[in-house]
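**Q** Fit the two chains together into the complex; they arrive one by one in their own frames, and the hints show the way.
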Amino acid sequence: MEEGKESPWEPKLITFLCNWCSYAGADLAGVSRIQYPANTRTIRVPCSGRVNILYILKALQHGVDGVLVSGCHPGDCHYLSGNFSARRKFAVLSRLLEYIGIEKGRVQFSWVSAAEAGRFAEVITEVTEDVKKLGPAKRLVKNIG
Amino acid sequence: MGQLLKELKETVQKLFEEEKVDLVIGYEKGTLPLRTTPCFIKNSKDAEKLVWNSACENNLAAYIPGMKGKIGIIAKGCDSRSLVGHLKEKQIERENLVIIGIPCHGMLDRKLTDKVLAGREIKDIEEKPEVIVFKGENFEETVAKNELLPDNCKTCSHRNPVLYDILIGEAIEENKDSDEFGKIKEYEAKTSDERWDYFSKQIGKCIRCYACRNACPLCYCKECCVDSSQPQWFGKSIALSDAQVFHIMRAFHVAGRCVDCGACVRACPMEIDLRFLNKKVEKDVRELFDFEAGINLDEPPPLSVFRPDDPEEFIK
Numbered sequence: 001m002e003e004g005k006e007s008p009w010e011p012k013l014i015t016f017l018c019n020w021c022s023y024a025g026a027d028l029a030g031v032s033r034i035q036y037p038a039n040t041r042t043i044r045v046p047c048s049g050r051v052n053i054l055y056i057l058k059a060l061q062h063g064v065d066g067v068l069v070s071g072c073h074p075g076d077c078h079y080l081s082g083n084f085s086a087r088r089k090f091a092v093l094s095r096l097l098e099y100i101g102i103e104k105g106r107v108q109f110s111w112v113s114a115a116e117a118g119r120f121a122e123v124i125t126e127v128t129e130d131v132k133k134l135g136p137a138k139r140l141v142k143n144i145g
Numbered sequence: 146m147g148q149l150l151k152e153l154k155e156t157v158q159k160l161f162e163e164e165k166v167d168l169v170i171g172y173e174k175g176t177l178p179l180r181t182t183p184c185f186i187k188n189s190k191d192a193e194k195l196v197w198n199s200a201c202e203n204n205l206a207a208y209i210p211g212m213k214g215k216i217g218i219i220a221k222g223c224d225s226r227s228l229v230g231h232l233k234e235k236q237i238e239r240e241n242l243v244i245i246g247i248p249c250h251g252m253l254d255r256k257l258t259d260k261v262l263a264g265r266e267i268k269d270i271e272e273k274p275e276v277i278v279f280k281g282e283n284f285e286e287t288v289a290k291n292e293l294l295p296d297n298c299k300t301c302s303h304r305n306p307v308l309y310d311i312l313i314g315e316a317i318e319e320n321k322d323s324d325e326f327g328k329i330k331e332y333e334a335k336t337s338d339e340r341w342d343y344f345s346k347q348i349g350k351c352i353r354c355y356a357c358r359n360a361c362p363l364c365y366c367k368e369c370c371v372d373s374s375q376p377q378w379f380g381k382s383i384a385l386s387d388a389q390v391f392h393i394m395r396a397f398h399v400a401g402r403c404v405d406c407g408a409c410v411r412a413c414p415m416e417i418d419l420r421f422l423n424k425k426v427e428k429d430v431r432e433l434f435d436f437e438a439g440i441n442l443d444e445p446p447p448l449s450v451f452r453p454d455d456p457e458e459f460i461k
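Chain order of the listed sequences is X and W.
For the first sequence, counting from 1, position 72 maps to 72 in the numbering used here; every step adds exactly one.
For the second sequence, counting from 1, position 240 maps to 385 in the numbering used here; every step adds exactly one.
Bear in mind the hints are in silico, worked out from the structure with no lab data behind them.
Glycine is no exception: its CB is placed at the ideal position from the N, C-alpha and C atoms.
Here are the simulated DSSO-like pairs of lysine-lysine, each with C-alpha atoms no more than 30 Å apart in a straight line:
1. W/K350 <-> W/K381
2. X/K89 <-> W/K330
3. X/K104 <-> W/K328
4. X/K138 <-> W/K461
From chain W, some residues computed to sit far from chain X (all C-beta separations above 12 Å):
5. K187
6. K256
7. R265
8. K268
9. E272
10. E275
11. Y365
12. Q375
13. E416
14. L442
Here chain W stands alone, though its shape is the one from the complex (with noise of 0.2 Å):
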């Protein structure tokens, strides 16, 4: 880790010593351990804040629409791929963008962490390649990392950059066996109503705060739908149904664009299963068109185009 945080600072320095970049976002330590914030860097002395750990989950593609200049950027996989959908959508200009790619194992979930932890405060971690040490004022545990993964990391199929111009590290092996849309299969092998029991129970929960529409690094539009008020698209009521259409217009939106980093479960408050929609629509886009998100930067979205054998079915 040690190794690969002085390499990112020295590329982050070079960069600006060079005059490539006239702004890198990268994550900082955060307030307390566990944490990392994402930071601005401007000037190749601010490189040494950088911190590069577990803990650096904001997918910090997030922040590109609408950015001006030439814009260094720190990448894991997923990012990488939400970069690859912002240059198709024409958010910025592919020289405009420097990506600092980094091989990324996956990274810890707050809410395992913190039943782990159950409530005790820690005040130092360690990280190894298998485990995390959580050491605090009493007590030092040992957990296995991959017990603290969330879904989206545990099944992650590119957790190398696919997209990038520097590579900090060396290139990891992939996940080749993993069964990312395992879960989505048992739901869809459930009944109608189980499903839509299932549904109702997880929307239900929802208390409209759109956080997680405000972290998706894809839901970039000056106006969301969902905010107009002349005309009022969206209910504001607090009928299930509102939460719902919301919800479905939500994954609708992501369709074929959404790269499942994760940011949206992880900023959920009320911890609704987001992934039963979003992996569905995603499992349905590539099983129907052949298309996955964020890989390949000549192939345009797929619901702007279309074949004229597209498979209809489903049509009278």
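Okay, chain X solo, but in the shape it has when bound (with noise of 0.2 Å):
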């Protein structure tokens, strides 16, 4: 890098994934040597309906610049129904936090299953550009004096 420049800005991503599913996606994704975008950290949780809605606004009260939450499709779920219950969740949360003003696109969810590594690089990728377009997180980042 030349010297005095700063490295252009790049997004902090959390990412949520299921154990059964979004993860062995991930995992799949990268046994094939599928490229994407390196901004994300994953953390991987026994299913999506394991996500507290406290992990994301935690998230993004630390200053990271978007969430990710993934999990199964719909009637896959390792435990049959946890991936429906966190639908209902994110649900209201999705609109709760649009309506408070974080900018549609800073949570994003989605379904990738084991099989889909294709498609897991698809979302990271989608999700990294999204966030890339609205820039660093200034909303609900716990900043003190």
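**A** Quick look at the structure:
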């Protein structure tokens, strides 16, 4: 890198991936050498239903630029109905966040199965692009002083 | 009003005489005119203490969780809806609850009456069907009751109790053409920046006293996640973000449960527009899952169940 020149801003994403589908999908993308943006930090959760909405809010508080929660397709949940319950929670949350003024696209949700390595890469690319367009997160970020 | 109160007292006395209740939760005279305070009646003699007027604002359902024995409770429309919530969430058994329903014309908003009185001291009030007469040392002022009602009473669509064992007085006409989500629609029409500014300005007033949580009939957890220190889920700093996260979570925890009784708004010492969040969540739950809280005992809480065809247009 040239001296004195700042590197362009790159967004930081947190992705919550369910153990049984999306995490395995990400794993398959890795072993298949599929390229996708390296902006994401993965947190593996047992099920998308395990994602308390406080986790999402906390991630935003800590200054991540985008959050993605991904689980099994409806009907494919390892625990049968975890993602169905999650879907209801996220439906309310995504509307509430947009309402209070968190930009649409900051917090996103997807279904990615264990076989969909290509789709996983696509989703990460799309979310990264969306968040890049939005710019660095300012709202809900915890700043003291 | 006098006739209603007489009927109420007699009903409570009868309940004690027939040994149908161990305790009745009602309202008694407060320390000042326009004030009432919740009271716990334990025998038929004490039923004389009961009052019923337009200052019986407290949602008595808040006392139900954790109560033992057979409880009688005086319930307005919103209180009865909270009770439906408690019954659904197994906070009390139906057979241990005697609901004494009273149709409600709306309770006065103390912040609005204070504005009208502008520091003048009232000695007495007189209630007429449409107006309230404030009487003080050197003045007497008549104000239309409608001007003194809080937003949640103005747009209330369940003035009659939805669930009761005994109804005091006669059922009244429901508010049919009220647009309870009118304000929310106005907010929704604004830009994201405007909404964020409004949200930040409102929550910026919060002093984290948790009065909204404590007053809420639905916040009955023995240990609230906000109070937990190991792990400390919620930041306790003065940062705006910490207060905002608390309020988002609070609104979320009452999603599909809030009956808009206004307890949190009344309790808030900083006059934060809490309905800005509560009502929005209520509106979304109704739109998404076609569910209205506190109406039907057989319908499970909407966030505890699902349908295979729930809306998912927001998911990639």
